[in-house]
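Asker: Which chain is which? The protein sequence lines are Y and P, in order.
In this text, residue positions in the first sequence follow the numbering used here: the first is 215, and each later residue adds one.
In this text, residue positions in the second sequence follow the numbering used here: the first is 215, and each later residue adds one.
Derived by calculation from the structure, the hints in this document are not laboratory data.
Keep in mind that the hints are not guaranteed to be accurate.
[What the hints assert, rightly or not] No farther apart than 20 angstroms at their CA atoms in a straight line, the calculated lysine to any residue pairs in the SDA-like style are these: (1) K259/Y x E349/P; (2) K507/P x A509/Y; (3) K507/Y x R540/P; (4) K259/Y x H280/P; (5) K259/Y x R540/P; (6) K507/Y x H280/P; (7) K507/P x K507/Y.
Quantities reported herein were computed from a predicted structural model and do not represent experimental measurements.
Number of protein chains: 2
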Amino acid sequence: MIEQTEFQYRLKATDGAARLGEVLTPRGVIRTPAFMPVGTAGTVKGMYPSQVRELGADILLGNTYHLMLRPGAERVARLGGLHELMRWPHPILTDSGGFQVMSLAALRKMSENGVTFRSHIDGSYYELTPERSVEIQGLLGSDIQMQLDECVRLPASREEIARALRLSLRWAERSKKAFESQPKGRALFGIVQGGDDPALREESARGLVDVDFPGYSIGGLAVGEPQDVMLRMLEVVNPILPTDKPRYLMGVGAPDDIIESVARGVDMFDCVMPTRAGRHAQAFTRFGKINLKNARHAEDPRPLDEESDCPAARDYSRAYLHHLIRSDEMLGSMLLTWVNLAYYQSLTAGIRAAIAEGRFEDFKAGVKEGWARGDIPAL
Amino acid sequence: MIEQTEFQYRLKATDGAARLGEVLTPRGVIRTPAFMPVGTAGTVKGMYPSQVRELGADILLGNTYHLMLRPGAERVARLGGLHELMRWPHPILTDSGGFQVMSLAALRKMSENGVTFRSHIDGSYYELTPERSVEIQGLLGSDIQMQLDECVRLPASREEIARALRLSLRWAERSKKAFESQPKGRALFGIVQGGDDPALREESARGLVDVDFPGYSIGGLAVGEPQDVMLRMLEVVNPILPTDKPRYLMGVGAPDDIIESVARGVDMFDCVMPTRAGRHAQAFTRFGKINLKNARHAEDPRPLDEESDCPAARDYSRAYLHHLIRSDEMLGSMLLTWVNLAYYQSLTAGIRAAIAEGRFEDFKAGVKEGWARGDIPAL
């Protein structure tokens with residue numbers, strides 16, 4: 215086996231606009247379409263890293279904002295990097311920190327240079343510039359890094375969206391320059407912005423392709439707009455992006471968002487939905503979403519899905535899951551997080567197999583039929 | 215292999231007063247001295263049942279008070295019993311519920327007949343009598359059940375202690391009668407009370423031996439009295455109890471309490487200490503107790519115990535554990551609970567091996583030396 219020293223994307227098959235591929239990195243192969251579980255602060259909440267791996271995850275996401283505040287980027291570097299710290303030797307993707315500065319930090323101040331803010335944990339002062347964001351992601355040891363961008367909340371005026379995307383384009387160039395000193399084999403992605411405006415999305419995508427990145431992220435979507443607006447933007451952006459580079463739709467999403475975005479040429483996804491829902495009594499299954507807090511489960515001896523490969527979905531009764539949730543027991547969150555990540559990984563594995571065999575549309579219809587049929591009623 | 219249909223204790227070796235044995239039950243063998251992890255409300259907090267088993271636990275403890283309130287004894291029975299509900303096919307011991315009624319419930323009222331109280335969860339009204347306690351434990355499917363007793367808080371007057379132990383003795387007889395209808399192979403233990411008074415402890419033990427139980431619990435200790443008082447009581451009680459029956463010291467304790475109680479002839483233990491401490495940043499190790507919240511661990515790359523068989527103690531750095539705890543991440547509690555239960559199981563496994571080889575005193579001295587030496591200082 216030849217050691218992979220570069221970052222590469224290989225398109226292996228297409229089925230309509232859906233793409234089957236592989237992202238090759240020195241730390242391992244990422245089979246795409248891929249779902250990346252979110253390991254916010256250096257842990258996928260409620261899961262051992264070995265479990266996450268066994269579910270079929272090739273890559274995790276880490277949040278630069280959380281990690282720069284605690285334990286701190288320089289400290290993580292002294293401890294051997296994020297992979298070593300969290301016992302995850304496989305690829306890690308990090309965001310730029312910008313999105314969470316905007317949603318979590320206090321006293322934010324934007325300028326051409328970057329953003330200053332105070333930590334939501336202890337109020338201490340930080341500055342995040344395109345250069346510092348890339349530096350932090352380098353200190354973490356991230357395999358796939360994101361440029362700092364400005365993501366505007368929708369609805370927003372065309373002027374505001376245009377201003378932010380043009381700032382993000384200038385930051386894309388600064389980020390790329392700052393990234394040059396990093397070890398070979400890592401990648402920096404540019405981020406397409408442009409809100410819900412097709413022309414601005416196009417401007418952003420073309421601008422980033424000119425800068426030239428080894429992969430492209432699509433940001434500023436799934437921020438409250440209807441699904442059809444998001445899908446429309448993908449239909450505008452993806453044909454502009456080079457076919458020989460991976461495309462990552464940031465922060466998306468529900469299973470239906472994923473399958474529809476794959477149908478429009480997206481390769482990579484991340485979302486807190488499966489993990490967060492797992493801590494709030496929600497299970498994702500072949501039969502749709504199930505709320506285990508509901509009293510109808512209290513005496514239901516059936517597992518969530520007896521045909522699942524996931525022990526949490528197959529071996530424990532709904533009655534037990536309901537009891538754990540009602541009793542606020544950690545094991546309830548642990549089991550439902552496991553169920554949900556297993557479902558997301560099995561969904562993307564199914565998508566990959568279907569594209570390989572040229573039956574993606576049938577697969578998509580079958581999956582949606584299962585969701586529509588809904589949960590098997592209790593006897 | 216012959217199917218075990220009865221409850222039996224086999225004394226295999228002694229070393230001083232320390233006893234090596236086996237409790238045989240239809241659901242499996244319990245190697246003694248045994249530590250029983252506490253599965254309060256049908257789950258050992260923060261652990262998958264398979265993990266608990268892999269650490270070497272032969273038996274778990276369930277709390278009748280918690281389970282009778284939620285999900286309810288009749289409901290558990292309809293769902294196939296507690297073993298089926300929590301996916302633990304091995305032996306389960308249950309307490310009588312009395313102790314937690316006294317510490318958790320509202321508006322308690324004691325009488326000769328039993329105790330009435332209101333649920334701390336929803337205020338609903340319950341009655342717990344010796345007969346109902348045994349009935350509930352039977353509905354749960356418990357393999358080793360406890361008589362209802364009255365445990366007085368120390369310090370207490372001699373009269374109060376005497377009154378409670380005599381009531382408990384009368385309840386012992388009622389419990390035994392109520393237990394007669396249960397399937398063969400289960401056991402009901404009588405509980406020795408008598409506070410910190412040697413003569414009353416003796417009266418209680420002799421009274422229970424006259425009633426005749428397949429095993430004896432020692433209750434009302436580790437309730438705030440000094441360790442030497444507890445050990446003195448064991449020295450009074452254990453010589454009275456029959457050598458061919460197991461002895462269970464309820465709710466004990468710290469590792470040092472366990473090793474000293476084994477030295478005085480105790481066979482079985484349970485305690486929330488390893489699990490509760492695990493949720494509060496405390497690790498039990500060969501080097502004593504370590505508080506991972508302490509800032510000195512923030513950049514310590516060493517694991518808690520690189521020679522441990524437990525992945526949580528061996529594979530994760532103290533810096534990472536510290537980070538998880540400071541960030542209030544579930545994985546911190548999960549890993550430290552795992553570390554602690556692994557330590558308790560390795561301690562009892564070590565005790566058993568030492569008794570088998572007639573070197574218990576040396577083993578005890580060696581273990582205490584390790585605790586006294588303390589944690590290896592960081593570089």
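Asker: List in ascending order the numbers of the hints, as given earlier, that are violated by the structure.
Answerer: 1, 2, 3, 4, 7
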